[in-house]
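Letter by letter, the chains look like this.
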Amino acid sequence: MSGPAWRFWGRDFGSPIVLASGTAGFGLELARMGCLEGVAAVVSKATTLEPREGNAPPRVVETRFGLLNSIGLANPGVDLILSEVLPLAGELPCPLIVNVAGRTAEDFRAVVERLEESPVPFGYEVNVSCPNVDAGGAAFGADPCVVGRISAMVREVTRKPFSVKLTPNEGSIARAAVAAEDGGADGVTVCNTFLGMRLDWRTGRPLLDRGSGGYSSPALLPLTVARVHAASRSVGIPVMASGGVSRGEDILELLAAGAALVQVGTWLMRRPSAPAELLAEVLDLMAEP
Amino acid sequence: MSRDARQPVDRECLLLESREILSRIWRVVLEVPPGSYAAASPGQFVQIEVSPGSFPLTRRPLTIDSLDSPDRIQVLFEETGAGTSLLAAVRPGAAVRVLGPLGKGWDTSPGRWLFVGGGLGAAGFPFLASRVDCSLVLLGASTAGRLLPLPGLAVLTATEDGSVGFHGLVTGLLDRVDWRLVDHVALCGPVPMMRAVVRAVPPGMSEKTQVSAESRMGCGWGACEGCSVPAADGGYLKCCTDGPVFPASDLDWDRWKGVRG
Chain G
-18 MSGPAWRFWG RDFGSPIVLA SGTAGFGLEL ARMGCLEGVA AVVSKATTLE
32 PREGNAPPRV VETRFGLLNS IGLANPGVDL ILSEVLPLAG ELPCPLIVNV
82 AGRTAEDFRA VVERLEESPV PFGYEVNVSC PNVDAGGAAF GADPCVVGRI
132 SAMVREVTRK PFSVKLTPNE GSIARAAVAA EDGGADGVTV CNTFLGMRLD
182 WRTGRPLLDR GSGGYSSPAL LPLTVARVHA ASRSVGIPVM ASGGVSRGED
232 ILELLAAGAA LVQVGTWLMR RPSAPAELLA EVLDLMAEP
Chain L
4 MSRDARQPVD RECLLLESRE ILSRIWRVVL EVPPGSYAAA SPGQFVQIEV
54 SPGSFPLTRR PLTIDSLDSP DRIQVLFEET GAGTSLLAAV RPGAAVRVLG
104 PLGKGWDTSP GRWLFVGGGL GAAGFPFLAS RVDCSLVLLG ASTAGRLLPL
154 PGLAVLTATE DGSVGFHGLV TGLLDRVDWR LVDHVALCGP VPMMRAVVRA
204 VPPGMSEKTQ VSAESRMGCG WGACEGCSVP AADGGYLKCC TDGPVFPASD
254 LDWDRWKGVR G
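Residue numbers (this note's numbering), protein chains in the order written: chain G, -18 to 270; chain L, 4 to 264.
No incorrect hints appear here.
Quick partial rundown of chain L residues pointing at chain G, CB under 7 angstroms, derived from the structure:
1. 10
2. 13
3. 60
4. 61
5. 219
6. 221
7. 222
8. 224
9. 225
10. 226
11. 227
12. 228
13. 229
14. 231
15. 238
16. 239
If you anchor each label on the Cβ, the simulated ranges turn out as follows:
17. G:151 / L:182: 57 to 65 angstroms
18. L:164 / G:85: 51 to 59 angstroms
19. G:115 / L:112: 41 to 49 angstroms
20. G:85 / L:252: 36 to 44 angstroms
21. G:217 / L:20: 54 to 62 angstroms
22. G:98 / L:252: 34 to 42 angstroms
23. L:183 / G:98: 51 to 59 angstroms
Simulated from the structure, these hints should not be mistaken for lab results. In this text, a Cβ means the ideal position worked out from N, Cα and C, and glycines have one as well.
Only chain L is shown next, with the shape it has when bound in the complex:
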């Protein structure tokens, strides 16, 4: 059994840029081995070692935010704990170990796409928008300062505190969508938000909705089954290799509780 060229590679990658684009939200550009991400698709992710030491023990799974050139990937992350703070502290010129590209990305079928994102869930949208025709983005966040910039895309915003855009949850924007002009929906955000959107889209639309799932991850390459999410037909699917992008109808939205703690 020989190594498959489409398989992920694990390499020390030069960190080229690191910038705090919003409070505690960082954008990092990494130089990846030539050709290793040529076949990377939107929705795939990387596993990054945030420390060369033993702790934190596991890597941080981060969605590929954009593929600037065949040898440069960009990822976005929020400092939420010790691991992501260590990654935020890595300065340009240093190397970090990156395993990728991992997982199954979006099914980029032709047609008009509606993107619906909550918080950092919109991080992968620029990469997806480079491959499909995105006619509108519905973007929600807790407050204006947490809305990710999505240059070049038509965006309707909602904030929970009403500081900008619609006052309320992103689901409140769904009735502004002309669903006759939507062929596909790309959905990414916290599980309660995604559940609300999946249940609120018009009949027939949920079959055209794909979601990018989030789960606490062990290995990220299909072995440990730590990241499993509930499947609609019973049992579980591996977030890391069956996903992280799934047809919304493949998941059991009643049983799926999302990340805890």
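In isolation and in its complexed conformation, chain G is listed as follows:
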């Protein structure tokens, strides 16, 4: 491989850019648009044991400086993902990390156990931090004991690497990262969206049907840098940074904070060609004397 390489889970990648869960589907739309250049890996939408319709619309609302979403882990369930989606995703030009979510701790183990039937996943991202569901979700990620227990349960059923996606909303992210590592995780993703809400002040009604949602924005970059900095100094496993990236220099800053790879999410929704553009910026900046 010519040029710089980023090592992660035993592989060398020519790019530090990973597509964040929920913003790239299973990578198939981007592949058809020819937009996977510059992508080290795709993290899929959440996969759950049963199909999930997702939350009632409106599911997204733009704010002056960001985006609130409340999708609610909409997905067709692990059976359909195994039979219809993963065979297609196996054709992607980059590895797929399957994001896994559950209503109970046991669900995570069960979903990963099923996904082990497929050779396609390069690894998993265990989502203990979704702000948009009642059962499971961020409530798991807030408690280091639960993070450790879920990590250990997933470890029992797979030898593939997995990262635990942590919540920024409650508790110490460093303690949650340590708990994931102690439970056997191979990495942590820092972090999921921030809990937010918008109201119509005239009526007092929330703009999202569910009320609150997950907030993402380039303005959140310093919050992610602080969390990546703290988490990466607390654990020996690699940290995938997620939150606030819209420039090549943001990626380099998160790498400097201790990230091994950096996820791009909301900016990808705006710019499907973001990975190639951001990688070019990164390489240009790295080449500066």
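We have chain G; now place chain L onto it with these hints.
Positioned in the frame of chain G, the structure of chain L alone reads:
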């Protein structure tokens, strides 16, 4: 997996013309890459970056109003907030980033078409009329000054304030339609208006009605599921890639509340 030539392209496009055709309603003509919109169909849309900076963060989804030539598209939009005001301020000669064509358009079956539009919902009708036989348009708006001009089409108008045409909602014009002469209905407007029309058309006609849906959109290309609309058989459909044009019978009109705020 190689790039599909029918897929949307994302390019800096020269803004050729920008004109305020009604108060705060703008018509913009954009030069698109040669050939990239050759297969574009009525009802498809584009995602436009209204600012080269980070904010507003998401693009603005706008229906393709007409395809003047293979390399020129026209879009119509209303200044309703910071994003659309930024787009209104872009002057001819500047470039804006345009992703398109996106979504599924109208099923342009042969036959006689009735168009029913509310407010800016009629924006895509000229493009559709270039591909089907439109015998009549029912066009509603709050007041005379909000009625979109639809040159070359036979139009019956309704205004809520009675300033021109029928005094009331566009549904009040439905009983003037000779339904024996209608094979297809194209419907676009605010959700309450579309719901009222879908429920008011004669029996058998709702199966021949297509609607162009509106939803707050995240990506616009099928990944985020932010724009989902309720499906008649339960669950949701993606407005951006399953639509934005749907058979009216595919949507759950009880659960669909439309855009809020």
